[in-house]
Amino acid sequence: MITLLLTISLVGSNMDTILKQGVVFQVRAEITEDPTIANSFASSDEFEDFVQDQIDQRIKILGLDEPWYSPQRIGLTMYKILLLDFGQATFLTSDAGSTDVKDIILEKLPRTILLFTTATIIISVIGIFLGALSGSKVGSAIDRVTSSFAIISSSFPVWWIGMLMIFLFAFVYQIFPARATPSIPSSDPDYIVSLLYHMALPLITIVMIGFGAWAYLVRNFMVGIMQEDFITSKKIMGISKKKIIYTHALKNAAPPIVTILALSLSGSLGGAIITEAVFDWPGMGRLYFEAITVMDLPIIIGATYILTVFFLISIFIADLLYGYFDPRVRTG
Amino acid sequence: MSSISPGEIKNEFVRSKMGIAGISILVILITISVVAIIAIPSETFSEWNNPGNWISYPKVAIPGWVNLFLIEKIPEHQILEKPIKKIEVSGDISAVSHQFRLNFNYDDFPNDFIYEFSAQYSGAPLLEISVIRPDGIRLDLLSTSLPNSNTDTIHTERIFSTDESIRKKLFLQSDKFDFSLDKLSSEDIVFSNSESNTPLKGNYNFVINLYGVNSQNQIPDSTLIVGGKAFGVMGTDELRRDLAIGLLWGTPLALFIGIVVAIASVVMGLLYGVYAGYRGKKTDEAMMRFNDVIYALPALPFLIILSVTISNSIFLMIGFLTIFGWVGIAKVSRSMALQIKTRGYIDAAEIMGQKKSKIILRHILPQLLPYAFASVAISVPAAITTEAGLSFLGLGDPSFPTWGQILHDANVYGAASRGLWWWIMPPGMMIAITGLAFVFIGNALDVIVNPKLRR
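Top to bottom, those sequences are chains A and B.
Just so we're on the same page, our numbering is the position in the first sequence counted from 1, plus 1359.
Just so we're on the same page, our numbering is the position in the second sequence counted from 1, plus 229.
Simulated from the structure, these hints should not be mistaken for laboratory data.
Note that the structure is a prediction, hence the values are computed from the model and not measured.
It cannot be assumed that every hint is accurate.
Quick list of in silico lysine-lysine cross-link-like pairs, DSSO-like style, CA-CA up to 30 Å [unchecked claim]: (1) B/K510 <-> B/K458; (2) B/K560 <-> A/K1610; (3) B/K288 <-> B/K458; (4) B/K246 <-> A/K1496; (5) B/K511 <-> B/K587; (6) B/K458 <-> B/K560.
Partial list, computed: chain B residues near chain A (C-beta under 8 Å) [claimed, not checked]: (7) A528; (8) L529; (9) P530; (10) V537; (11) S540; (12) N541; (13) I543; (14) P610; (15) Y642; (16) A645; (17) S646; (18) W650; (19) A661; (20) L665; (21) V668.
Footprint (simulated), chain A over chain B, 3 or more residues, beta carbon under 8 Å [unchecked claim]: (22) 611-618; (23) 632-640.
Using N, Cα and C, we set each Cβ at its ideal position, and we do this for glycine too.
Kindly produce the complete structure, drawing on both the sequences and the hints.
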């Protein structure tokens, strides 16, 4: 909750400007739409005064004359947000045409979960196994390949790889479609198949770039653990290496891995703004970007809120799991 | 943490292959930036977004060197600026004649041809354009009179091959060709074999004659552009811009952004963290909570909000990137400062009554310098990719051509699905290579500085 309050207060002044700009824009648009108003003024100064007057009035009605940090406004905003009432979006609509922020977010969120959360899970599974494997055989070929792949892939922007993938698989070899949005309506029974088909290219890209870093991380944990005494003693006891790696060592590496997994899962809900822009994937990231570019305030707040809440929940779950995997941190 | 002398660091660094690779890439990049700054006048890059500046360049032309690998040569874009000039005077009539010799050795027709000139004349002179082809056939392309003027004037015009009068003129000479000229564009006719509609290779001679009664007539500027599908080292984009210039200029910009952001955030984080760690207690607690708050903020959405609402100037962008860059460094340097604080010589310095600022600057900070260098190198790629990402979303500073912006334009014009690889590959490669250089250097330093990673 504190995080949210801080988030709001940090963006508050910005948002206020956005809102005021929105009002100015709206008023101007309304006035210029009706040429008779403009014609009824003698000089342009007078006209400007009138416009300014209108803007001030509008700002007063909306309560924007008070600064954003006034307790009344913050309280009201927080109360509304707590009740999951984000209000109506100013510009954007959901595919079904609803302007309710809740509808819009509920429509975009599953798509992002479908793509990014799937990708994150695949990445972490591949990453953990590769990392465990290379961590147990330090200096081997597989370790070197994984490490260098991790380093190299970390310096490539994902969205650029995305563009290359579109070029390769949508243009040179026409296997996958370039745009990730299915063209058939969602009521069609083939919709899911088409969606999965459109999902393939972004999914491959994200997994390709992502798992290297994961493997590298897990490897570094494993390297530390494999040098510990209890592993050595297990080896002496004659327990097979596979069993040591996957049950004993990995369990000890679990706490940090779980934390990172929880964080990246909740982070994946936000999608990646740029990746979604490249693949034209209609998820949260693109919603966020569109909302910011047209300054659709309720959506920005709503999306930030949802993401913050997920973030907090996942940190909480990670903490619980931490205790489960590592009894040492349990207190009381 | 053990203190390592600079000499040791240097020795170890020279021994690591990764560090050497990183340094050599960096040296190449710096050379490129120096070349870019010296060789390309800064006017060119400030004209980057001015379409008028690029009008004589071809649209989406493939890089010229591709022809080396192809059997069927793609016509290269040629800008001929130095005609052979002749002036003949016979009686009252003077004829200014410009001849362009063009070696056309490609297996495809050119895109178009444009004659760009400014003529100085009085009266209404007659402009005639004709071409003598390799097979000896002479084709008349145009004869038109320039606008009448009683005084001495300068008339500037561009004559395009799509001009309707050129087409008509060519249709009148259709007996020279064995095939129907219907629906063919003028350049497909002019550069075609007479038997079938395939490109005719050889030396073409474009003759431009200006007939007038005034012997003072002349054509000061005269350029023939044969629009090809290949151009330059890096090709051009949809807006006819020479990508080589954009890529060259992107190098110093990216290095500047990356290095400034990295140094600024490391210095900030270092001072903040060390101060918090050294003071300890409530100051430490308060400073670290503030640190946590910024740490929990989602960086990219905030950067977008900031650049949309405040400004997208490149210098402010550097500031914004710094705001989100220093947090992690502050955390690490605080814990390092906590360790160093317990050492005897700090106590000794305190007992001697040295000022706190002096203790921090003289005794604690120097210990952290190796770590600081490593983190500078590691933060650079992040700064570069973030800036590129923002530019890619169209939020970059439009007055500077950065790599991210080139990719943004590429994405807007659908370069990936149209197969314009030369528009996508080089900028991304440059970003990746620059990133790699710093990651290599950073990792090499990290291994030396962090004894934990050593084996």
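Hint check:
| no. | hint | in the structure |
| --- | --- | --- |
| 1 | B/K510 <-> B/K458 | violated (69 Å) |
| 2 | B/K560 <-> A/K1610 | holds (28 Å) |
| 3 | B/K288 <-> B/K458 | holds (8 Å) |
| 4 | B/K246 <-> A/K1496 | holds (22 Å) |
| 5 | B/K511 <-> B/K587 | holds (21 Å) |
| 6 | B/K458 <-> B/K560 | violated (54 Å) |
| 7 | A528 | violated (11 Å) |
| 8 | L529 | holds (6 Å) |
| 9 | P530 | holds (6 Å) |
| 10 | V537 | holds (6 Å) |
| 11 | S540 | violated (12 Å) |
| 12 | N541 | violated (12 Å) |
| 13 | I543 | violated (18 Å) |
| 14 | P610 | holds (5 Å) |
| 15 | Y642 | violated (12 Å) |
| 16 | A645 | holds (4 Å) |
| 17 | S646 | holds (4 Å) |
| 18 | W650 | holds (6 Å) |
| 19 | A661 | holds (5 Å) |
| 20 | L665 | holds (5 Å) |
| 21 | V668 | holds (5 Å) |
| 22 | 611-618 | holds (count 3) |
| 23 | 632-640 | holds (count 3) |
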